[in-house]
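One-letter residues, chain by chain:
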Amino acid sequence: KAGVTQTPRYLIKTRGQQVTLSCSPISGHRSVSWYQQTPGQGLQFLFEYFSETQRNKGNFPGRFSGRQFSNSRSEMNVSTLELGDSALYLCASSLSLAGGQETQYFGPGTRLLVL
Amino acid sequence: KNEVEQSPQNLTAQEGEFITINCSYSVGISALHWLQQHPGGGIVSLFMLSSGKKKHGRLIATINIQEKHSSLHITASHPRDSAVYICAVKPNTGTASKLTFGTGTRLQVTL
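Going down the list, the protein sequences come from chains A and B.
Per the numbering used here, the very first residue in the first sequence carries number 1; after that it's consecutive.
Per the numbering used here, the very first residue in the second sequence carries number 1; after that it's consecutive.
If we strip away everything but chain A, and leave its shape as in the complex, we get:
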């Protein structure tokens, strides 16, 4: 069974631009969570989607948004990029339980650099 895939793997943007990251979960997994990892803040929860609905949201500004499609694939979007948005963005999928209540399978991440 294929693992979680994320595209693109690397991305360079400039301040003010917007970016869309994509995550394809393991086949059969219906829950997708997104995380941001920075050297200063470590890993932080962004949001979680299940059956096309946002089930939970972290403490991030409204510039960060996401969605999930009927095939469980998920995208996250960051508008009006700031230098501080430079980070590794990780997505993780699990079968169905609310994020953190069952084993999560992580993708390789998208490394975003904002100049």
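None of these hints come from the bench; they were simulated from the model.
Quick caveat: nothing in here was measured; it's all calculated off a predicted structure.
Just so you know, even glycine gets a beta-carbon here, dropped at the ideal spot from N, CA and C.
Among the hints, erroneous ones may be present.
One-sided excerpt, in silico: chain B residues whose CB lies under 8 Å from chain A [what the hints assert, rightly or not]:
id, residue
1, S30
2, I86
3, K90
4, L99
5, F101
Some chain B residues flagged as far from chain A (calculated, every beta-carbon gap over 12 Å) [as the list claims (entries may be wrong)]:
id, residue
6, Q14
7, E17
8, Q37
9, N64
10, S71
11, K98
Here are the computed distance ranges between Cβ atoms for each label pair [claimed, not checked]:
id, chain 1, residue 1, chain 2, residue 2, range
12, A, I12, B, G52, 44 to 54 Å
13, A, R73, B, G42, 33 to 43 Å
14, A, S79, B, T75, 45 to 55 Å
15, B, R80, A, G16, 40 to 50 Å
16, B, E3, A, T103, 20 to 30 Å
17, A, S70, B, T20, 43 to 53 Å
18, B, G42, A, Q54, 23 to 33 Å
19, A, Q18, B, E67, 45 to 55 Å
20, B, T110, A, G40, 20 to 30 Å
Fit chain B to the known structure of chain A by using the hints.
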């Protein structure tokens, strides 16, 4: 104070040594995760615990719910175990609670 504290922050060991990484948390939880992150960023889920002890190969994870403490042990450590080990907890405040991460323990195992 962070909800999840890990110790030590950095650890260097020689091949073959027994290693213990600790995680303490301050809230009631429904689950605790141990994750491994290699250079390059990929994260692998090692264990998910809600009570007791789990073992997988040379890795053992234990949790004491009353003391709000978990340990990850690596027996007969090997250079390929070099990675950052991250503890994360799922607070038991309902489905809206968010997975909260420790800052990680950087382990280097030398020959």
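**Hints the structure fails to honour** = Numbers 8, 11 and 13 - these are the hints that the structure violates, sorted from lowest upward.
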